[in-house]
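Residue numbers (my numbering), protein chains in the order written: chain A, 10 to 312; chain B, 10 to 312.
No lab work stands behind these hints: they were computed from the structure.
Among the clues, some could well be false.
Copies of one chain are not kept apart here, so a pair can be met inside one copy or by any two copies together.
Mimicking SDA-like on lysine to any residue, the simulated pairs with C-alpha atoms at most 25 Å apart in a straight line are [as the list claims (entries may be wrong)]:
hint : residue 1 : residue 2
1    : Lys215    : Phe306
2    : Lys263    : Pro16
3    : Lys215    : Ile269
4    : Lys121    : Arg296
5    : Lys263    : Arg49
6    : Lys215    : Thr185
7    : Lys121    : Arg225
8    : Lys215    : Leu35
9    : Lys215    : Glu273
10   : Lys215    : Gly252
11   : Lys63     : Leu21
12   : Lys121    : Arg274
13   : Lys121    : Pro105
14   : Lys63     : Glu245
15   : Lys63     : Pro254
16   : Lys263    : Asp52
17   : Lys121    : Glu294
18   : Lys215    : Ala153
19   : Lys215    : Val41
20   : Lys263    : Pro44
21   : Lys263    : Pro43
22   : Lys63     : Arg301
23   : Lys63     : Ile269
24   : Lys215    : Arg311
25   : Lys263    : Ala48
26   : Lys215    : His145
27   : Lys63     : Arg296
28   : Lys215    : Arg310
29   : Lys263    : Asp124
There are 2 protein chains.
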Amino acid sequence: MTESLWPDDVALAEASAETIRLTDGLIERLLVVPPGREARVYDAMRYSALAPGKRLRPLLVLAGSRLFGVPRRSALQVAAAIEMVHAYSLIHDDLPAMDDSDLRRGRPTCHKEFDDATAILAGDGLLTMAFEVLAHPDTHGDPAVRVELVAALAIAAGAAGMVGGQMIDLIAETETLDIAAITRLQRMKTGALIAFSCEAGAILAKAAGDNRTRLRGFAHDLGLAFQIADDLLDVEGSAAETGKPVGVDAAAGKATFVSILGVERARAQADLLVGQAVAHLDFFEQRAELLRQVARFVVNRRT
Amino acid sequence: MTESLWPDDVALAEASAETIRLTDGLIERLLVVPPGREARVYDAMRYSALAPGKRLRPLLVLAGSRLFGVPRRSALQVAAAIEMVHAYSLIHDDLPAMDDSDLRRGRPTCHKEFDDATAILAGDGLLTMAFEVLAHPDTHGDPAVRVELVAALAIAAGAAGMVGGQMIDLIAETETLDIAAITRLQRMKTGALIAFSCEAGAILAKAAGDNRTRLRGFAHDLGLAFQIADDLLDVEGSAAETGKPVGVDAAAGKATFVSILGVERARAQADLLVGQAVAHLDFFEQRAELLRQVARFVVNRRT
Chain A
10 MTESLWPDDV ALAEASAETI RLTDGLIERL LVVPPGREAR VYDAMRYSAL
60 APGKRLRPLL VLAGSRLFGV PRRSALQVAA AIEMVHAYSL IHDDLPAMDD
110 SDLRRGRPTC HKEFDDATAI LAGDGLLTMA FEVLAHPDTH GDPAVRVELV
160 AALAIAAGAA GMVGGQMIDL IAETETLDIA AITRLQRMKT GALIAFSCEA
210 GAILAKAAGD NRTRLRGFAH DLGLAFQIAD DLLDVEGSAA ETGKPVGVDA
260 AAGKATFVSI LGVERARAQA DLLVGQAVAH LDFFEQRAEL LRQVARFVVN
310 RRT
Chain B
10 MTESLWPDDV ALAEASAETI RLTDGLIERL LVVPPGREAR VYDAMRYSAL
60 APGKRLRPLL VLAGSRLFGV PRRSALQVAA AIEMVHAYSL IHDDLPAMDD
110 SDLRRGRPTC HKEFDDATAI LAGDGLLTMA FEVLAHPDTH GDPAVRVELV
160 AALAIAAGAA GMVGGQMIDL IAETETLDIA AITRLQRMKT GALIAFSCEA
210 GAILAKAAGD NRTRLRGFAH DLGLAFQIAD DLLDVEGSAA ETGKPVGVDA
260 AAGKATFVSI LGVERARAQA DLLVGQAVAH LDFFEQRAEL LRQVARFVVN
310 RRT
């Protein structure tokens, strides 16, 4: 299947809706519930991976992949794998031993809907399945590409990336971090997976180093802008809009971009970063219009 | 490096000691603690992955690999990856929300030595790093081999294997399983990773299907024998010998091979299974002597 993804002038709303439909459709097929007693962990994996959401990371994968004419099936496999990793990180983050959250995406968190043990296993199962999906021949005909995706995801999601960022985030509850330390924390905690989402298309297309560098630059700035927007939502948003508790960071006495910079400067910084991010895409001209729209949406979203 | 592994008549004690030394040496190098605040999760990963232990799975990888003349470096990469997955599963299993164990391998469990949140992240980090290690060019020069290892490990460790087995094990605390259900549970919970350990050498050597089948047959019977021996130790062993609490299953009212079959029939069943296991190795003649010794050791061990 070499069906391509959207024309250059596709509207963000359309691409976004189709991303949700296609990604969720694939995750449904990858997570068919077996007849045995282990069905319970599959139910919990589906509950979290298919929870209503923006599917921002899959959208970045698809928008990045269409720059290089990557076949839809390949891009979707990677999108599903990344969404599984994202869902796993939310499940474990929400556990009583971590952030102790009851609400996520407007519904009970996984451990509230099931129980703590099932939630731990559901997270473990999703993380593991992400690698199974990337390693599958459906992802790409060339094993070298598949194994490069595995390595890149493992580095982004592991102790030098997302898991390390979560570790620092926990330490930040008892230690006051300065802006440099918070920037590093966020680049690890959320930035690394966003960067992988942006670069995946270039890996799938075996794109030249220059293009990889452009996408990495875009992702680098976008990831930080995304996090500042998240911090702003924690201050300015409502639980009804965001589908999760707000005011959490302030209540925990945690330093954030907003607590250090103030709302106005944080907002200006996010806008500046998005401007920087899209500048990395100039080379792609009209083809990158969707990625530019995604970037602008990221800092202006209300949820 | 194509340094080979041991002569055919190597003694089990020597091979075992060298496996521990080489595997731990590699894990040490793979888990160098970085200077940032994320050091804490690396400390916890090292604490568990380098805890004193038999390194049975690495020994199976190395003993299986030497049947096919696999270079030592390749086999060791896989051994380290599997030991990381094993260590992660123990960390998460021991958590208060799961088995709630304070003692493991004669030391405080990871969450007792650190805290629950750090233990969750350490497990996540080890699981993720296992895939990074398999995907690394050091594991094999051919990306097709590396990606096959990734796929096989993900299937063995995921919801259709180890994680699914752990799910059923939790359900077994409230539901009485019969011997067929317990056999299936154990094949998933411990058997799948042991099977991957035995087959990894054949994957690394791109061995013919026949040889893969032989090793799978060996692993299939060995995995079950291993679990029965574990159940026997839970009844007959002492905490001092095993380094973890004993009598746990009986206290939890959990059905095991021993509670259903009784000690004597369980012991006979384990011996029968080991006999069956080693019969699968006849084709390899003298070359498989180490694997045979490992199999016999597995059911006669006291720890």
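Against the structure, the hints:
1. Lys215 / Phe306: Neither way: Lys215 and Phe306 sit 28 Å apart in one copy and 48 Å across, limit 25 Å.
2. Lys263 / Pro16: Neither: 43 Å inside a chain and 59 Å across chains, both beyond 25 Å.
3. Lys215 / Ile269: Neither: 41 Å inside a copy, 56 Å across copies.
4. Lys121 / Arg296: Cα proximity of Lys121 and Arg296: none, with 43 Å in one copy and 53 Å across.
5. Lys263 / Arg49: between (35 Å within a copy, 19 Å between copies)
6. Lys215 / Thr185: neither (42 Å within a copy, 53 Å between copies)
7. Lys121 / Arg225: The answer is neither: 37 Å in one copy and 40 Å across copies each exceed 25 Å.
8. Lys215 / Leu35: Result: close within a single copy only, 24 Å intra versus 31 Å inter.
9. Lys215 / Glu273: neither (41 Å within a copy, 60 Å between copies)
10. Lys215 / Gly252: neither (38 Å within a copy, 50 Å between copies)
11. Lys63 / Leu21: Within one copy, since 12 Å is at most 25 Å while 55 Å is not.
12. Lys121 / Arg274: Cα proximity of Lys121 and Arg274: none, with 37 Å in one copy and 42 Å across.
13. Lys121 / Pro105: Close inside one copy (10 Å) and across copies (16 Å); limit 25 Å.
14. Lys63 / Glu245: within (19 Å within a copy, 54 Å between copies)
15. Lys63 / Pro254: within (17 Å within a copy, 46 Å between copies)
16. Lys263 / Asp52: between (34 Å within a copy, 24 Å between copies)
17. Lys121 / Glu294: neither (47 Å within a copy, 55 Å between copies)
18. Lys215 / Ala153: The answer is both: 10 Å in one copy and 16 Å across copies each meet 25 Å.
19. Lys215 / Val41: Answer is neither: 31 Å inside a copy and 31 Å across each miss the 25 Å cutoff.
20. Lys263 / Pro44: between (45 Å within a copy, 22 Å between copies)
21. Lys263 / Pro43: between (42 Å within a copy, 24 Å between copies)
22. Lys63 / Arg301: within (17 Å within a copy, 54 Å between copies)
23. Lys63 / Ile269: Intra 28 Å, inter 50 Å, cutoff 25 Å: neither.
24. Lys215 / Arg311: neither (36 Å within a copy, 53 Å between copies)
25. Lys263 / Ala48: Classified as between; 20 Å across copies, 38 Å inside a copy.
26. Lys215 / His145: So Lys215 and His145 pass the 25 Å test inside a copy (18 Å) and across (18 Å) alike.
27. Lys63 / Arg296: within (22 Å within a copy, 56 Å between copies)
28. Lys215 / Arg310: neither (32 Å within a copy, 51 Å between copies)
29. Lys263 / Asp124: The answer is between: 20 Å across copies meets 25 Å, while 27 Å in one copy does not.
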